[in-house]
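Residues in the sequence shown are numbered from 7 upward in steps of one, following the working numbering.
Calculated directly from the structure, the hints in this document are not laboratory data.
Some hints could be false.
[Unchecked claim] Pair ranges (Cβ atoms, derived):
1. ALA9 x GLY81: 25 to 31 Å
2. ALA65 x THR40: 31 to 37 Å
3. VAL8 x GLU36: 28 to 34 Å
4. ARG82 x ALA9: 37 to 43 Å
5. ALA90 x PRO7: 28 to 34 Å
6. VAL8 x LEU80: 39 to 45 Å
7. ALA90 x THR40: 38 to 44 Å
8. ALA9 x VAL52: 15 to 21 Å
9. LEU10 x GLN93: 18 to 24 Å
10. LEU10 x PHE56: 19 to 25 Å
11. PRO94 x ALA12: 39 to 45 Å
12. ALA90 x LEU37: 32 to 38 Å
13. LEU37 x GLN93: 36 to 42 Å
Everything numeric in this text was worked out from a predicted model, so none of it was measured.
Even glycine gets a Cβ: it sits at the ideal position worked out from N, Cα and C.
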Amino acid sequence: PVALLAAMGFVGVFAGAANTPLACLFMGLELFGTHAGIYLGVSCVVAYLFSGHSGIYTAQRVGQAKHPLLGRHLGRRLGELHAAAKQP
7 PVALLAAMGF VGVFAGAANT PLACLFMGLE LFGTHAGIYL GVSCVVAYLF
57 SGHSGIYTAQ RVGQAKHPLL GRHLGRRLGE LHAAAKQP
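Kindly produce the complete structure, drawing on both the sequences and the hints.
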């Protein structure tokens, strides 16, 4: 079970940071096998939803709001959102 939890953490962190849950799920399936697919999928989706509109790729645009309150961010780059959040 420790290896499975490590695999879930690995793909979950990357899914949340990169805002790419499906790609990270496939990466996890290739690296750790299909027997862990359900757990890896849950980890990716939860991390993606809780990451909000932030990520490691600042040029990435918000194509779909993760929450109704975040709908005003549609079409904006993550770098713009990060810079706006820093301003007092």
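> Quick check: which numbered hints come out false for this structure?
Replying inline: 1, 3, 5 and 9
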